[in-house]
Amino acid sequence: MRLTLVPRRQDFYEVFAALGRNAQATAVMVEERFRGFPDSGVEHGKVKDLEHEGDRLTAELYQLMNTQYVTPFDREDIHDLARAIDDVVDHMEHASDLLGLYRIEATMEQAIEQCGLLLGATDYLAEALGGLRHLSGLQKPLAGIKRREDDGDRVVRDAVAALFEDDDISPRAIIQWKDIFGALEDSLDACDTAAHLIGNIVVKNA
Amino acid sequence: MAVRVGDRLLGPLFDTVAQVSGRTPVIVHTSADAELALRSAHHDLVVLDPDIASIDILPDDPEARPAIVVWISARSSARVAQLLEAGADDAIDPSMAPVELAARLRRPLRGRFVAVARQPAVLGALRVDAGLREAAWHETVLPLTPREMEVLQVLVAAGGRPVSREAIYRQVWRWAMPRGDRTVDVNVKRLRGKLAVAGVPVEVVTQPGVGYRLTIGTADQAVTGL
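Going line by line, the protein sequences match chains A and B.
For the first sequence, the positions run 1 to 206 when the working numbering is used.
For the second sequence, the positions run 1 to 226 when the working numbering is used.
Calculated from the structure, these hints are not laboratory results.
Here's a subset of chain B near chain A, in silico, CB distances under 8 Å, partners left out:
| hint | residue |
| --- | --- |
| 1 | R106 |
| 2 | W175 |
| 3 | A176 |
| 4 | P178 |
| 5 | D181 |
| 6 | T183 |
Simulated restraints, written as ranges between beta carbons of each label pair:
| hint | chain 1 | residue 1 | chain 2 | residue 2 | range |
| --- | --- | --- | --- | --- | --- |
| 7 | B | R39 | A | G36 | 45 to 51 Å |
| 8 | B | S31 | A | L101 | 55 to 61 Å |
| 9 | B | A78 | A | G36 | 55 to 61 Å |
For each residue, glycine too, the CB sits at the ideal point set by N, CA and C.
Model the full structure from these sequences, guided by the hints.
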């Protein structure tokens, strides 16, 4: 593999923006799947396709890093940010997959609320990733992600508490929903990690 | 419920019974009414105060009576043993926290809801026997899944009275419904769709803050509140 000395910064920005849009599209799909489950018409395969697209874009970004002598940010920052965005999509895909794996009959309101927060967080993430080129105007989306993550902590605590309010709740339901709530929460946490990494990139490069 | 009207703990007990059973409790004040309640097929649970109705009135056949929990003002091992020997399912007293009251009231109900759900239910021309996997309007067989059939059977058995989501869940799924669970709503939505497609003039009405109830249109002679 040959390193090229001609900077291709544009390519990095474009791939990051595409990763942001892909995370946003995944959140839209997952929210629709949860809200209407099991009759929403959104099969898990559609979510899986978006996850594959994210993997392809991440591989493209790594390929750029491996072939470019000059990168717009530290290689480590690019690597960590790509990984965090990948986690955002992977955890949403996992939550969506669990609906089928666990043969869930219907969703819970708290999970739909988590999906709503992911919609907002990934909107902001896409906005922040689209703004990497100029490293400006990122405060609002980064603060927005933090708010969604804080709200997510509250929602997941309430969701888990709801599973233990009555001794007669099925242990099967507790196991299933703790995993699903956890996967959605992990995705929100990954949004927050990505926001922190973007914040660090701004400090280093602005 | 057969408990003293002046009992200071009646309110919390009433609330707990309502929460556990998913129905509005009925309070009776005399021994005769308590005896009627014990022999009625319409009650799942009777909370009995021995100061109003003697424990001797308990029907002999445990299958032919509701669950019976006795409310005693002071707990002693000898008293509880006597009540259990006499056929009571449990004994509760004012020293118990609401969470223990709920657990003790719920325990004898578990098996009973299974039995109730297995009995065929009829409302007007609508007949449901989830045990045999049969649901029909007049002679028309309704293409329902086993779950939808059981949900419909619970609503039919309620005879037009509203039934809470929690009570439906407990009777059909045999567990307590986690707060926020949409399983009952999803099944009711599908049920509505199938009843409409089959042209059955039965409507599952949402009673805000309560749950669901059935109404039958004027095409049949039956009406709400049966």
